[in-house]
Amino acid sequence: MNIALQLAGFIRRRYHGVITFLVLIGVWTALTHLRVVSAEQLPAPEVIVTTFLQNLKSGLLGDSLLSSLVRIAKGFCIGCSLGFLLGAAMGVSQTAERLFAPLTNALRQVPIIGWIPLIIVWCGIADLSKIAFIAIGAFFPMVFNTFEGIRSVPRNYLEVARVFQFGRLKLLRKIVVPGALPSIVTGIRLSLGTSWMLVVWSEINTRSDLGIGDMLWSAREGGRMDLVIVCIIVIGVVAFLINELLGHLEAYLQGWKKTYR
Amino acid sequence: MRLQTIKNKLLGLVVPILLLVAWDFVTRRELFSAQLLPPPKMLFETWWDMQTSGELALNMKISLLRVAAGFSLGALLGFSTGVAMGTWKTVDNYLGPLFNGMRQVPVVGWLPFLVLWLGIGETFKIAFISLGALVPMALKTYEGIAAVSPSFLEVARVFEFGRFRQLTRIVLPSALPSILVGLRLSLSEAWMLVVGAELVAASAGIGNTMTVARRLFQTDVVLVSVIVIALTGFVMDKLLGQIEGQFLTWRKTFDPR
Chain A
8 MNIALQLAGF
18 IRRRYHGVIT
28 FLVLIGVWTA
38 LTHLRVVSAE
48 QLPAPEVIVT
58 TFLQNLKSGL
68 LGDSLLSSLV
78 RIAKGFCIGC
88 SLGFLLGAAM
98 GVSQTAERLF
108 APLTNALRQV
118 PIIGWIPLII
128 VWCGIADLSK
138 IAFIAIGAFF
148 PMVFNTFEGI
158 RSVPRNYLEV
168 ARVFQFGRLK
178 LLRKIVVPGA
188 LPSIVTGIRL
198 SLGTSWMLVV
208 WSEINTRSDL
218 GIGDMLWSAR
228 EGGRMDLVIV
238 CIIVIGVVAF
248 LINELLGHLE
258 AYLQGWKKTY
268 R
Chain B
963 MRLQTIKNKL
973 LGLVVPILLL
983 VAWDFVTRRE
993 LFSAQLLPPP
1003 KMLFETWWDM
1013 QTSGELALNM
1023 KISLLRVAAG
1033 FSLGALLGFS
1043 TGVAMGTWKT
1053 VDNYLGPLFN
1063 GMRQVPVVGW
1073 LPFLVLWLGI
1083 GETFKIAFIS
1093 LGALVPMALK
1103 TYEGIAAVSP
1113 SFLEVARVFE
1123 FGRFRQLTRI
1133 VLPSALPSIL
1143 VGLRLSLSEA
1153 WMLVVGAELV
1163 AASAGIGNTM
1173 TVARRLFQTD
1183 VVLVSVIVIA
1193 LTGFVMDKLL
1203 GQIEGQFLTW
1213 RKTFDPR
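Here the protein sequences line up with chains A and B, keeping their order.
In this text, residue positions in the first sequence follow our numbering: the first is 8, and each later residue adds one.
In this text, residue positions in the second sequence follow our numbering: the first is 963, and each later residue adds one.
Heads up, some of the hints might be wrong.
Just a few of them, taken from the derived set where beta-carbon distance is under 10 angstroms, the chain B residues facing chain A [claimed, not checked]:
no.	residue
1	L973
2	I1132
3	S1150
4	V1156
5	V1184
6	I1189
Simulated restraints, written as ranges between beta carbons of each label pair [claimed, not checked]:
no.	chain 1	residue 1	chain 2	residue 2	range
7	B	K1051	A	L188	31 to 39 angstroms
8	B	Q997	A	P52	47 to 55 angstroms
9	B	I1205	A	V25	15 to 23 angstroms
10	B	S1015	A	I32	47 to 55 angstroms
11	B	R1127	A	E53	48 to 56 angstroms
12	A	V25	B	V976	19 to 27 angstroms
13	B	E1084	A	L260	42 to 50 angstroms
14	A	G254	B	D1199	21 to 29 angstroms
Simulated from the structure, these hints should not be mistaken for lab results.
Bear in mind the structure is a predicted one, so any value in this text is a computation, not a measurement.
A virtual CB, placed ideally from N, CA and C, is assigned to each residue, including glycine.
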């Protein structure tokens, strides 16, 4: 009952958007059923649903998703922690900034997909190259957001700390980290989002047995457009969830800022 | 003061020079085969060869033309979408959720469809690039318009501006900074995607050069291409930044930066 009410409320607020989706699905159904486009070009919506359920039941979808997520977890952890360390070092120490900032900025100029051939030469086409690729992608947003976050801690907070005669560690723990945290979480969100995009790229460029990008590309090669659409939707939903969940965390961590306003 | 800045700049060269020396040392000692890690000197020679044979210029030209076509198309469509959603509430209500849903999917996800519908020729690459360029442009234009201060709009009402006049005189100029950010994001996205598209399917272009070189294990060619791609991207971004500065001079009066 409650859920029905909530649903009704949602529809009342967002009915415009829902109408667009319904119209789109209607046109799609009409196009496919009237055979304006062939099933090879665009499969009917209900086929998508059955394909989705089939692949969900057979476990293929879950396994592919899982193995992509494991790859991301590895690459992201490496890239993100290295990025955090470098960003934090450059943020805290000006010497570190002067030493490493030019090099980091130069490396960042390489469009991330441009690394693929080089990584394949150096790391082969197995899991290692995919993880390395994801790590590189996750590294850069993290460096810059951590750095920016630390540098954007207002000067007067530091003055307060000096008045209270905080030691270095206490300064970090009480002032710098909480002040920089929202930006760091932004970094994590961006770097996780990039990782998700890159895992698909890497799986398309160097095939492996299992992964969501593999599934997408095998489906394309097999002419299974219904499966392709299922993959696209799954990829989109995961990207959305990553963004949404970390976005909420970001807003939550920034909550303290609002109390001053 | 000047001396200090020079010193700081020099400090930035320390790490790259150390890396270069280490790289040279490692290759001289042949700790890695030249195939895996070519010596720095060889990289320069390879670059020179690629340059004099005209191979590099030709492939870069092809890639740049693709970017130019895809970027202008995508940015234009993105701008129109952003303006439409930003100015008309109805369009935003109906298309906003669809747009937000679609943009969650990384562009690479659309690859299979684009290949199926458009083949693997030039149309496909341009469509792919413009799709990627469209999203940041639309988003930033929309955000810029949404952030236009209501008091500006009141001024427009006082002067009894029509819809069009309000758009061109008030809304777009004040959304310009955000729009220009969108333009830059969308250009760098386009530059990345041309490489991606060429990795997946191409017979020419800088991405294709890399793929071929990788298959032949010519690491030197791959490295040179990576450097060229990075430099080109950097130059394009800087140029756009310059243009941005030109457009935003009026803003400097508000913002003493």
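Hint check, I1189/B versus chain A [nearest Cβ-Cβ separation less than 10 angstroms]: 8 angstroms, holds
L973/B as chain A interface residue, shortest Cβ-Cβ below 10 angstroms: Constraint on L973/B satisfied, holds at 4 angstroms.
Take the C-beta atom of Q997/B and the C-beta atom of P52/A, compute their distance, and say whether it sits inside 47 to 55 angstroms.
-> 51 angstroms, holds
- Item | Supplied contact hint for S1150/B, tested at 10 angstroms Cβ to chain A | 7 angstroms, holds
Worksheet item: Measuring from the C-beta of V1156/B to each C-beta in chain A, is the shortest one below 10 angstroms?
Response: 9 angstroms, holds
Query raised in the report: Do the beta carbons of I1205/B and V25/A sit within 15 to 23 angstroms of each other?
Result: 41 angstroms, violated
The hint says 31 to 39 angstroms between K1051/B and L188/A; measuring C-beta to C-beta, is that right? 36 angstroms, holds
Within 21 to 29 angstroms: is that where the Cβ-Cβ distance between G254/A and D1199/B falls?
Taking Cβ atoms as reference, G254/A and D1199/B lie about 27 angstroms apart, which means the hint holds.
Have a go at the V1184/B hint: is there a Cβ in chain A nearer than 10 angstroms to its own Cβ?
It holds, given that the least Cβ distance between V1184/B and chain A is near 5 angstroms, below 10 angstroms.
**Message:** I want to verify a distance hint. Is the separation of the beta carbons of R1127/B and E53/A within 48 to 56 angstroms?
**Reply:** 49 angstroms, holds
In this structure, is the beta-carbon distance linking S1015/B and I32/A contained in 47 to 55 angstroms? 54 angstroms, holds
Review point. Range hint 19 to 27 angstroms: satisfied by the CB atoms of V25/A and V976/B?
Key: About 59 angstroms separates the Cβ atoms of V25/A and V976/B, which means 19 to 27 angstroms is violated.
Checked against the numbered hints listed earlier, the structure breaks hints 2, 9 and 12; every other hint is satisfied.
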